[in-house]
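Keeping their order, the protein sequence lines are chains A and B. Per the working numbering, residue 19 is the first one in the first sequence, and the count goes up by one each step. Per the working numbering, residue 19 is the first one in the second sequence, and the count goes up by one each step.
It is possible that part of the hints are untrue.
[Unchecked claim] Under 8 Å between C-beta atoms, here's a sample of chain A residues computed to sit facing chain B:
#1 Gln79
#2 Ile123
#3 Asp127
#4 Glu161
Keep in mind the hints are simulated off the structure, nothing from the lab. Beta carbons are placed, not taken as given, at the ideal position from N, Cα and C, and that holds for glycine.
Protein chains: 2
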Amino acid sequence: MNTTVEQLRREVELQLNRIGFSETPARLYDPVRYMLALGGKRMRPVLVLLANRMFGGNEQQAMPAALAVEVFHNFTLLHDDIMDKAPLRRGQATVHEKWNPDIAILSGDAMFVKSCQLMMASPSAAMPAVMNLFLQTALEVCEGQQLDMDFEHSAEVRIEEYLDMIRLKTAVLLGASLGIGAALAGASAEATGHVYDFGVNLGVAFQLQDDILDVYGDADKFGKQVGGDILANKKTFLLLTALEKAEGTLRDQLLYWLQEPASDEKVQGVKAVYAGLKVREAALTKMESLYQAALDHLEALPLSAEQTQPLRELAAMLMAREN
Amino acid sequence: MNTTVEQLRREVELQLNRIGFSETPARLYDPVRYMLALGGKRMRPVLVLLANRMFGGNEQQAMPAALAVEVFHNFTLLHDDIMDKAPLRRGQATVHEKWNPDIAILSGDAMFVKSCQLMMASPSAAMPAVMNLFLQTALEVCEGQQLDMDFEHSAEVRIEEYLDMIRLKTAVLLGASLGIGAALAGASAEATGHVYDFGVNLGVAFQLQDDILDVYGDADKFGKQVGGDILANKKTFLLLTALEKAEGTLRDQLLYWLQEPASDEKVQGVKAVYAGLKVREAALTKMESLYQAALDHLEALPLSAEQTQPLRELAAMLMAREN
C-alpha cells in the first residue's frame, strides 16, 4: 500500500469521527453514525487531499471538502441500498434493515444536508466553485442511479448508454473529488478540468474492470461471488458487447442461456459465448484506452512527473487488481 | 386577497415553470415537474420576496432563492408522502403511488440538489449567509420530521416537545424564507434575526390554529375532515394539553375514548372532555401569545409601520381562518 495514501486515509478516518452530529433525535443521527462507521477505503476524500497536495494546497483547508464527499458518497449508498433492497453493506445490516426504510430515507436526507454544510466550510475564495461542482456532480449521480434502474427494465441498452450511466453513477464523483481538491489549492480552471477528466476516465475504467473481474476474477481475491453478474443477467459491458457482436449460433446460445435460471452451467455457457466473441479482450481494450486517456490528462498538467506521481501510483494500484 | 401577495404569487408561479429541468432521464425529472405542477399557495417564496421588498431589495436577485425554498419544500413533501404512505397530494396521486417509492426517493433527492443550486445562484455578497441559513434549516426540518415520526410511537409526549417538533418541522422554514429574503436585501444580522423569529413564531401559531380547526373548524371551509385528529388519536396540542390537565372522571373519560375505535361518538366524547378542561381556550391563548410574539419582532425592526404593513397583513390573513 502506498504510504501517502495510507497516511491520508488515516487522517480522513480520524476527522470523520470528529464530525459533530447531534445526539438527538437519536433515530435520525444514529443511522448516520452507523453508516459512516461501516468503514470503506475512503477513496474519494483521499482523492480530494491528493489533488490538493499536488497543487500545493493547505491540507487543513481542504479537509471539510474531503469529508463532504465521503458523507455524500455514504448518503448515496444509503439511499441506493433502499432501492436495491440490499440486506447487507460491508457485511453489516443496511440501515433500512436495521431500522426501517423511512428512517433510511430521512437519515440519508440529513447526510446530504451535512455534506453540503461541510463543503460550505471551504475557504471562501474557492467555495462557490467547489460547491457548484459538488452540486452538479450530485445531480449527475442521481441521473446515473435512475439510468441504472431504467436499464434493468429496458429491452435494449446500447454500450454508449451503459458507459454514460457508469460515468454518471460512479465516475463523476471521483473526478469531482479531484477537481475540488485542485480548485481548493488554487489550480486554474484548465488544470482543474484535467484532474477532473483524469478521475472520470479512471472511474469508468475501474468500473469496466469490475465487470471483467465479476466474470474472470479470482474468487478468493475479488470478494464477491464470481459470475454473479451472469447469474443475474446483469447488463454489464461484457453482456452488452456480446449482445451487439453475437450472430448465428453464438447469438442463439447467448439468448438460450439468458432465459435459463441461475446455475453453474449458465455461467460456463455464457463464458463460452464470451470466449467465442472475444468479449473479454474487447472490455480490456476499452478499459486500457480509458486508463490511457486518464493518464494523458495528468500529462497535460503544468506539473512535474514527481508532482503527479502519487496520482499515477494510485491509478496503477487501482488498475492492478487481479484479472 | 392581498394584491401584493397575489402579484408575487403569480410571478413565482411563472418563474417556477421556467426552471430548466433536464428532459432525461424522464423517470427522474418527470416526477419533479409533476410535483411542482400540483400547485399550492407558494407561501414560502412569497415570504422571501416580501421580506426582500420590505428591506428595499432587488426582486430579480431574490428570485432564485425564492424558487429554492419552494423546490425544497416540495422535496420535503415528496419524501414525507412516502413515509406517511399518503395516496393523495392536493387531490392527485402522490409520486410514490403514480410511479413507485424508489422513483420518489431519487427524484426527491434530485429536487433537494436543485434547490441548493438555485440558492447558490444568489448574489455573491449574501450567498454564503443565505446558503448556510438554508442548510441549517434543511437539517432542522429533517429533525422535525423524525420527531414527528418518533411521537407516533411514544407513550408520553410533553407539550414543550410537541411545540419544538412543529417549530422544526414547519415553522423554521417560514422563518428562514423571510430571513433569506431580508439577508439578500442587505438587512443587518439583527434585523434578519427579527424577521426570522417573526416567521418562526407565526409558523408555530399557524400550526396550533390547524390543530384547533381540525376539531372546531367549519367543515365547509376547513378542507379536511373535521375531527380527523381525534379519530386518529393524533398527539396534537389539544390532546397533549388534555392529557396533562385531566384528572379524576375527566381523565377516565379521556382514556376511555382514546382506546375506542373511530366513530362520531368518539369525536363528541373527546370534545366533551376538551370542553370540561377548557382545552380550546388554552390552545387559543398559546396561539395568540405566539402571534403577539411574532408581531413584537416586526415592531423591533428599524422600519416604518408602512414598510412592515404587507407582512402584518399577511400574518393577520393567516390567523383569520375560521375557528
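These are the hints, each one checked on the structure:
1. A hinted interface residue such as glutamine 79 of chain A counts as satisfied when its beta carbon comes closer than 8 Å to some beta carbon of chain B; here the least separation is about 16 Å, so the hint is violated.
2. A distance limit of 8 Å between C-beta atoms decides the matter here; for isoleucine 123 of chain A the minimum to chain B is near 6 Å, and the interface restraint holds.
3. The criterion of a C-beta within 8 Å of any C-beta in chain B is met by aspartate 127 of chain A, whose closest approach is roughly 5 Å, and the hint holds.
4. Hint status for glutamate 161 of chain A: holds, given a least beta-carbon distance of 6 Å to chain B, under 8 Å.
Comparing the model with each numbered hint stated earlier shows that hint 1 is the single one that does not hold.
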